[in-house]
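**Q** Each chain, letter by letter, is given below.
There are 2 protein chains.
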Amino acid sequence: MINLVKANGTDEVKLIETLRTRSGETGREVSARVSEIIETIRTGGDKALLDYTLKFDKIIPDPLQVPQHQIDQAVQAADPVFLQALKNAAENIRRFHQKQLQHGFTVTNEDGVLMGQKVRGLHRVGLYVPGGTAFYPSSVLMNAIPAAIAGVKDIVMVTPPSKNGGVNPDILVAAYVAGITKIFLVGGAQAVAALAFGTETIPKVDKIVGPGNIYVATAKRLLYGIVDIDMVAGPSEILVIADESANPSYLAADMLSQAEHDVLASAILITNSQRIADATLKELQKQTAEAPRRDIIEKSLADYSAIIVCDDMNRAVELANELAPEHLEVMTENPTEYLGRLENAGSIFLGRYSPEPLGDYYAGPNHVLPTSGTARFFSPLSVDSFLKRTSFICYTEKALQAAKDDIVCIAEREGLYAHANSIKVRFPSQN
Amino acid sequence: MINLVKANGTDEVKLIETLRTRSGETGREVSARVSEIIETIRTGGDKALLDYTLKFDKIIPDPLQVPQHQIDQAVQAADPVFLQALKNAAENIRRFHQKQLQHGFTVTNEDGVLMGQKVRGLHRVGLYVPGGTAFYPSSVLMNAIPAAIAGVKDIVMVTPPSKNGGVNPDILVAAYVAGITKIFLVGGAQAVAALAFGTETIPKVDKIVGPGNIYVATAKRLLYGIVDIDMVAGPSEILVIADESANPSYLAADMLSQAEHDVLASAILITNSQRIADATLKELQKQTAEAPRRDIIEKSLADYSAIIVCDDMNRAVELANELAPEHLEVMTENPTEYLGRLENAGSIFLGRYSPEPLGDYYAGPNHVLPTSGTARFFSPLSVDSFLKRTSFICYTEKALQAAKDDIVCIAEREGLYAHANSIKVRFPSQN
Chain A
1 MINLVKANGT
11 DEVKLIETLR
21 TRSGETGREV
31 SARVSEIIET
41 IRTGGDKALL
51 DYTLKFDKII
61 PDPLQVPQHQ
71 IDQAVQAADP
81 VFLQALKNAA
91 ENIRRFHQKQ
101 LQHGFTVTNE
111 DGVLMGQKVR
121 GLHRVGLYVP
131 GGTAFYPSSV
141 LMNAIPAAIA
151 GVKDIVMVTP
161 PSKNGGVNPD
171 ILVAAYVAGI
181 TKIFLVGGAQ
191 AVAALAFGTE
201 TIPKVDKIVG
211 PGNIYVATAK
221 RLLYGIVDID
231 MVAGPSEILV
241 IADESANPSY
251 LAADMLSQAE
261 HDVLASAILI
271 TNSQRIADAT
281 LKELQKQTAE
291 APRRDIIEKS
301 LADYSAIIVC
311 DDMNRAVELA
321 NELAPEHLEV
331 MTENPTEYLG
341 RLENAGSIFL
351 GRYSPEPLGD
361 YYAGPNHVLP
371 TSGTARFFSP
381 LSVDSFLKRT
391 SFICYTEKAL
401 QAAKDDIVCI
411 AEREGLYAHA
421 NSIKVRFPSQ
431 N
Chain B
1 MINLVKANGT
11 DEVKLIETLR
21 TRSGETGREV
31 SARVSEIIET
41 IRTGGDKALL
51 DYTLKFDKII
61 PDPLQVPQHQ
71 IDQAVQAADP
81 VFLQALKNAA
91 ENIRRFHQKQ
101 LQHGFTVTNE
111 DGVLMGQKVR
121 GLHRVGLYVP
131 GGTAFYPSSV
141 LMNAIPAAIA
151 GVKDIVMVTP
161 PSKNGGVNPD
171 ILVAAYVAGI
181 TKIFLVGGAQ
191 AVAALAFGTE
201 TIPKVDKIVG
211 PGNIYVATAK
221 RLLYGIVDID
231 MVAGPSEILV
241 IADESANPSY
251 LAADMLSQAE
261 HDVLASAILI
271 TNSQRIADAT
281 LKELQKQTAE
291 APRRDIIEKS
301 LADYSAIIVC
311 DDMNRAVELA
321 NELAPEHLEV
331 MTENPTEYLG
341 RLENAGSIFL
351 GRYSPEPLGD
361 YYAGPNHVLP
371 TSGTARFFSP
381 LSVDSFLKRT
391 SFICYTEKAL
401 QAAKDDIVCI
411 AEREGLYAHA
421 NSIKVRFPSQ
431 N
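Chains A and B, in that order, give the protein sequences. The first sequence begins at 1 in full-length UniProt numbering and counts up by one. The second sequence begins at 1 in full-length UniProt numbering and counts up by one.
Pulled out of the complex, with its shape left as it was, chain A reads as follows (with noise of 0.2 Å):
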């Protein structure tokens, strides 16, 4: 059901070169019809917008965009259980959140320069929520709540229309949840179009955020210098490194909670000790069994998963930083030894009473992580991702009389003469 390797330096690495395959590209039908869709919505507006959603969606919404007493009315029908758990996990992501917000910052000197940093949240943004059994709140706090933080003014939140046009309530409820009021019922990459040239209807905005299907997806890469996008995100995937003193049972669901999210989902265990392996792999068995979603499970156990077992811990930390994982678990005496020495994660789980879905839903840091390897360079979705900074620079005449022969110097060097004259007119005894 799951590979199981014994490291020797070679098993391993290619297990890893194989499972970094997995990420599809986009066919190039795929492009040319997202490709389509982008160039009509671009010179066609609002009446492009509503022959795909006619053609896409089977029905036009009437109207197009969600009136707030249709929020409100699904907000006082949720179940109060759920609207709680949301609202403190809300609190959660906020908190942790805030404590990203990075403010600007001036720099004097005796010359009486002033120069420095501003920093701003970009002016509007808009979060592509997936419609039917793809949605999940728990993604409209992560996208929203930063957005929000970084003082984004005007989130706009579009969503496919359900098949009788209206929308999921629960959709309704996160929105309310994360502050949003502003929903359009439209979807696929005519929406995420819609997002970056604007149109009668759908305000412009300054950046995409959001899941979506391949469609979304593509979109979104083709207008990516248009407006700027999150990542465009890959399967997700776990790694857990334990040894001896691990939980088997805890390993397993843990595995399996990545597992189930798509057949191209990967989670790999890493350990020093046969036996956590062996008694894992019994565990991944028996609770795949009982699972919900064991189609799913086991055919990304068998395809993008595995159990390696390594001499030693420190061959575990080594292949941790290689593979660069979306979430890594650390199920280890002291897990907290190992954090300095972990180089490459998305986000990392410390500890027993850390498994990976407390960060999905709830602990704060955010759940939209880089994938595929790429935590090498890339970093969660954050406040910043919402910022923009501009830098500013006031001379007096006195620090430029200062500076003058300097950047005369290296303009010259570089052939740019008129460079070097616009400092020079300014001091025109002088030359």
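Be a bit skeptical, because a hint or two may be false.
Heads up, the list lumps identical chains together, so a pair's fine if it works in one copy or across two of them.
Calculated lysine to any residue pairs in the SDA-like style (CA-CA distance at most 25 Å, straight line) [claimed, not checked]:
no., residue 1, residue 2
1, K204, N88
2, K153, F197
3, K118, D230
4, K299, L4
5, K424, V119
6, K6, N314
7, K6, G179
8, K58, L15
9, K55, N213
10, K58, S273
11, K163, K286
12, K118, V309
13, K99, R120
14, K182, E343
15, K14, R120
16, K282, Q430
17, K6, K58
18, K163, L54
19, K99, G151
20, K6, G234
21, K118, Q98
22, K204, R341
23, K424, F135
24, K286, E337
25, K182, D295
26, K55, N88
Honestly, the hints are just simulated from the structure, not real lab data. Every value quoted in this text rests on a predicted model; they were computed, and no experiment measured them.
Fit chain B to the supplied structure of chain A, relying on the hints for placement.
**A** Relative to chain A, chain B alone:
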């Protein structure tokens, strides 16, 4: 020689639309050729890299890596005035960028929870440096210094060999001032691909930065995701907003300093004063006639530049925010008063003694800036561009116990039962 527009709510908007369209898309042919080079390097390593070097650069440097004594010789032979100017610039750049360095944080609570965010520098970064006349020593400083401050341990420079297989000594001097010791004489798309995948000689990097021609830029774009890249920059641009108090000779000189970059560059003046507009036009004519790079200037002024006269400075600010220029000069009586209202710009230059080339070379803020209106959502290159973040969560039994019901509720609402189970399995007596 330059468009003159009286703002009437229509003409200036149309003009701005035209300027927006100049950023050329990569031709399919270039993409196809670069894709082939990338794939050949990925599978062929050093042998492929040397084959391409011989094909495109007509020579294979031996050794491929510049020896340290050659760097030392170039520094000893350098014009001491130029060397000192670069050192002074580097010191200013260092001092400004040090203010950008961010640190991680930790959150704790009474239930024993420990959470936080680690921030650290990328492990290894590649810096592309163009050869020939496209080489700018200032770019080496602007790219390498923020990386070093971020804590990047290993900066690898690549630059195409000159005709005799050597290297421009100014490149070595700039590398020395920036603290770079690892320089390989390879260029083009093949050098970018070598950095992304690693070869026997070229180390694999996490991010590739630096300017380059269309092949280099296309390779970076195609490899984005395998490695991180900096922005793919469009043509350079300056917007000057000026009132009656401005000096037309300075305005013209600053506009020309951008116009000389290349024929796609853009220089725009927006003023509420017809007198300033007329006087600046005259100065542009006079200074262009005397400019060594006047062939380029005449073309960029005619094609992508403008003087716009508007009714008041509020409209000038509106248009500046709409244009979101790479460089924005504020040549008004009280320039700092505008800082709070200018929403979108890469870098803002305030007052008559802050000409744009001061920022290109010397003051300290970075000169790698978002172009083509992307300052709406992108930021200047910074220390942050070379940092990665990892969040971590360490919960206690007590804390997870308190969170348990909320997490299970949300997970089950999302239909992710194995997620819920990873919590439940830790509290078996309570299910």
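**Q** Could you run down the list of hints and mark each one as holding or not?
**A** Quick rundown of the hints versus the structure:
1. In the homo-oligomer, the alpha carbons of K204 and N88 never lie at most 25 Å apart, since the shortest distance is 32 Å inside one protomer and 44 Å across protomers.
2. Taking the closest pair of Cα atoms, K153 and F197 come within 25 Å of each other only inside a single copy of the chain (18 Å); across copies the shortest separation is 41 Å, beyond that limit.
3. Taking identical chains as interchangeable, the C-alpha atoms of K118 and D230 lie at most 25 Å apart whether they share a chain (22 Å) or sit on different chains (20 Å).
4. For a Cα distance limit of 25 Å, the shortest separation of K299 from L4 inside one copy, 15 Å, qualifies, whereas the shortest one across copies, 66 Å, does not.
5. Taking the closest pair of Cα atoms, K424 and V119 never come within 25 Å of each other, the shortest separation being 33 Å inside a single copy and 43 Å across copies.
6. Taking identical chains as interchangeable, the C-alpha atoms of K6 and N314 lie at most 25 Å apart only when both belong to the same chain, with a minimum of 15 Å there against 70 Å between chains.
7. Proximity of K6 and G179 under a CA criterion of 25 Å is satisfied in neither setting, with 50 Å inside one chain copy and 43 Å between copies.
8. Taking CA atoms no more than 25 Å apart as the test, K58 paired with L15 passes in neither setting, with 44 Å inside one copy and 40 Å between copies.
9. Taking the shortest Cα distances, K55 and N213 sit within 25 Å of each other inside one copy (17 Å), while across copies they are farther apart (43 Å).
10. In this homomeric assembly, K58 and S273 never come within 25 Å of each other (Cα to Cα): the closest approach is 55 Å inside a single copy and 56 Å across copies.
11. Taking CA atoms no more than 25 Å apart as the test, K163 paired with K286 passes in neither setting, with 38 Å inside one copy and 68 Å between copies.
12. For the homomeric pair K118 and V309, neither the shortest alpha-carbon distance inside one copy (50 Å) nor that between copies (28 Å) is at most 25 Å.
13. For the identical chains of this complex, K99 and R120 are neighbours both inside a copy (16 Å) and across copies (17 Å), given an alpha-carbon limit of 25 Å.
14. Proximity of K182 and E343 under a CA criterion of 25 Å is satisfied inter-copy only: 23 Å between copies versus 40 Å inside one chain copy.
15. Taking the shortest Cα distances, K14 and R120 never come within 25 Å of each other, neither inside one copy (45 Å) nor across copies (29 Å).
16. Taking identical chains as interchangeable, the C-alpha atoms of K282 and Q430 lie at most 25 Å apart only when they sit on different chains, with a minimum of 23 Å there against 84 Å within one chain.
17. Neither within a single protomer nor between protomers do K6 and K58 lie at most 25 Å apart by alpha-carbon distance, with minima of 53 Å and 48 Å respectively.
18. Taking the closest pair of Cα atoms, K163 and L54 come within 25 Å of each other only inside a single copy of the chain (11 Å); across copies the shortest separation is 61 Å, beyond that limit.
19. Taking CA atoms no more than 25 Å apart as the test, K99 paired with G151 passes in both settings, with 14 Å inside one copy and 22 Å between copies.
20. Neither within a single protomer nor between protomers do K6 and G234 lie at most 25 Å apart by alpha-carbon distance, with minima of 27 Å and 50 Å respectively.
21. Proximity of K118 to Q98 under the C-alpha cut-off of 25 Å is found in both arrangements, the shortest distances being 18 Å within a copy and 15 Å between copies.
22. For the homomeric pair K204 and R341, the shortest alpha-carbon distance between copies (20 Å) is at most 25 Å, but the shortest distance inside one copy (43 Å) is not.
23. With identical chains, the CA atoms of K424 and F135 are at most 25 Å apart between copies only, with a shortest distance of 23 Å across copies and 61 Å within one.
24. Taking the shortest Cα distances, K286 and E337 never come within 25 Å of each other, neither inside one copy (32 Å) nor across copies (69 Å).
25. In this assembly of identical chains, the alpha carbons of K182 and D295 never lie at most 25 Å apart, being 38 Å within a copy and 51 Å across copies at closest.
26. In the homo-oligomer, the alpha carbons of K55 and N88 never lie at most 25 Å apart, since the shortest distance is 39 Å inside one protomer and 63 Å across protomers.
Checked against the numbered hints listed earlier, the structure breaks hints 1, 5, 7, 8, 10, 11, 12, 15, 17, 20, 24, 25 and 26; every other hint is satisfied.
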